[in-house]
Structure formats: C-alpha cells, structure tokens
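Visitor: Those protein sequence lines, which keep their order, are chains A and B.
If you're matching positions, the first sequence starts at 28 in this note's numbering and goes up one per residue.
If you're matching positions, the second sequence starts at 576 in this note's numbering and goes up one per residue.
Everything labelled a hint here was simulated from the structure, so no lab data went into it.
Warning: the hint list may mix true and false statements.
To be verified - One side only, chain B facing chain A, incomplete, derived with CB under 8 Å:
| # | residue |
| --- | --- |
| 1 | Phe585 |
| 2 | Gly615 |
| 3 | Met616 |
| 4 | Phe665 |
| 5 | Ala671 |
| 6 | Gln678 |
| 7 | Gly683 |
Glycine is no exception: its CB is placed at the ideal position from the N, C-alpha and C atoms.
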Amino acid sequence: QKEVEQNSGPLSVPEGAIASLNCTYSDRGSQSFFWYRQYSGKSPELIMFIYSNGDKEDGRFTAQLNKASQYVSLLIRDSQPSDSATYLCAVKATSGGYQKVTFGIGTKLQVIP
Amino acid sequence: NAGVTQTPKFQVLKTGQSMTLQCAQDMNHNSMYWYRQDPGMGLRLIYYSASEGTTDKGEVPNGYNVSRLNKREFSLRLESAAPSQTSVYFCASNFADRSDQPQHFGDGTRLSIL
Chain A
28 QKEVEQNSGP LSVPEGAIAS LNCTYSDRGS QSFFWYRQYS GKSPELIMFI YSNGDKEDGR
88 FTAQLNKASQ YVSLLIRDSQ PSDSATYLCA VKATSGGYQK VTFGIGTKLQ VIP
Chain B
576 NAGVTQTPKF QVLKTGQSMT LQCAQDMNHN SMYWYRQDPG MGLRLIYYSA SEGTTDKGEV
636 PNGYNVSRLN KREFSLRLES AAPSQTSVYF CASNFADRSD QPQHFGDGTR LSIL
C-alpha cells in the first residue's frame with residue numbers, strides 16, 4: 028500500500044464546474060497536508076496547506092481534511108481552463124525526529140472549455 | 576526573489592559519464608532535498624539534508640551522492656550515469672522542523688542519459 032494515494036486521472040470537468048480531487052494517506056500520525064499544482068514541464072507550486080480537521084478556503088480553492096478517515100481533498104470551484112494541471116497531494120509526518128514529506132503521484136485535471 | 580535555483584536546466588550525458596547538479600536557496604531554510612520525477616511514479620526522494628552538515632538517504636539513493644556544501648547549497652552527483660537515471664530532478668527546501676512549512680521547489684533539471 029502506498030503511503031499517499033491519488034487517482035492519476037485524468038479527471039475531466041467542464042469549465043465552470045467544481046473539480047474534486049482526493050487523496051488518502053496511511054500514516055495516522057501525519058500532521059500537515061499540502062496541495063501543489065504542477066503545470067506540464069514546470070515545478071510544483073504550493074496552492075494550499077491544511078492541518079486541522081474541517082475545511083479551509085482560499086478563493087476558488089477549498090481544502091478538506093478528515094483525519095479519522097485519513098483523507099484530504101481539494102475542491103476547485105468555477106473551474107477554468109487555466110486550472111488544467113497535475114495536482115499533487117503531500118503529507119508531512121514526523122519520522123525518526125525528522126519531518127518527512129511524502130507525495131502522491133498526482134491527479135491530472137483537464138478543464139474542458 | 577530567486578528562491579531555489581537549480582543548474583543546469585537541461586543536460587544530456589552518455590552512459591558512464593559523471594556530473595553534478597547544483598542547487599542553491601536564498602530563503603535561509605535549514606532543510607534541502609533532491610527528488611526525481613518520472614511519469615507515473617510521482618516525486619521520489621533521493622537524498623535530503625535536514626540541516627547543515629547532515630545528509631540522509633531517501634527512497635531511491637542508489638547511484639547518487641550528495642554534498643551539503645553550506646546552508647545555502649546542496650549538490651547531487653551522478654558518478655557513473657545510467658539510462659535509468661534519465662529523469663527530471665527537482666531540488667527543494669524548507670523549514671522542516673515547522674509542521675506548517677511547505678517545500679519550495681526549483682525549476683528542475685531535465686537529464687537524459689544516452
């Protein structure tokens with residue numbers, strides 16, 4: 028079992044719709060959760076992070092965390108073609124005194140005009 | 576605001592050649608990382624340096640060595656390049672001891688081994 032799991036996609040949504048991206052993790056001691064966006068040929072860039080159960084909103088983006096169920100999700104409202112990218116889920120946990128970050132393989136999102 | 580700077584951006588090597596990928600950050604981060612990214616595999620940690628003077632193996636360290644030259648610089652060396660090391664390499668840095676701190680990535684080095 029992978030430590031951080033994401034569906035690789037592609038996830039296709041029409042322009043203006045809500046895109047829902049999901050991520051599950053195996054380490055119950057995980058403390059912080061990050062969503063990165065990566066355009067083709069570019070480096071990952073941070074979109075949001077969350078560390079408390081519940082929702083965190085930033086503009087069109089909402090991160091949701093449920094530690095009991097060990098999943099974290101990212102909702103993108105009013106999806107735009109410019110949102111088409113791969114979205115990486117990253118999970119941070121303490122391991123041997125070091126804060127280890129594990130990335131999922133990423134979900135490719137395609138927003139159809 | 577340079578952030579994390581990687582050099583070179585592109586490189587083509589022949590099997591058996593050696594090279595060093597350079598990474599420097601100007602954010603005063605204590606921790607630095609080297610990842611490789613391959614299609615369908617996601618980001619895989621090669622080596623990391625939790626603080627100046629320390630380095631540790633990650634998930635896929637075989638065939639690589641690293642040097643944390645100072646707080647700013649962390650280099651990755653391929654001693655004898657193999658075609659399996661063809662990949663995109665990313666350097667990242669952060670304050671690893673703070674749980675709310677994300678990693679900041681460089682632009683990547685696209686490496687092809689023939």
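Visitor: Determine for every hint whether it applies to the structure shown.
Guide: To see whether the hints hold, each was checked on the structure:
A distance limit of 8 Å between C-beta atoms decides the matter here; for Phe585 (chain B) the minimum to chain A is near 11 Å, and the interface restraint is violated. Taking 8 Å as the C-beta cut-off, the interface hint given for Gly615 (chain B) holds, the closest approach to chain A being about 7 Å. Proximity of Met616 (chain B) to chain A holds as hinted, the smallest CB-CB distance being about 7 Å (cut-off 8 Å). Evaluation of the Phe665 (chain B) hint against chain A yields a held restraint, the C-beta minimum of about 6 Å falling below 8 Å.
A distance limit of 8 Å between C-beta atoms decides the matter here; for Ala671 (chain B) the minimum to chain A is near 5 Å, and the interface restraint holds. At its closest, the beta carbon of Gln678 (chain B) sits 6 Å from a beta carbon of chain A; the interface hint therefore holds under the 8 Å criterion. The interface hint given for Gly683 (chain B) holds, since its Cβ lies 5 Å from the closest Cβ of chain A, which is under the 8 Å cut-off.
Hint 1 from the earlier list is the only one contradicted by this structure; the remaining hints agree with it.
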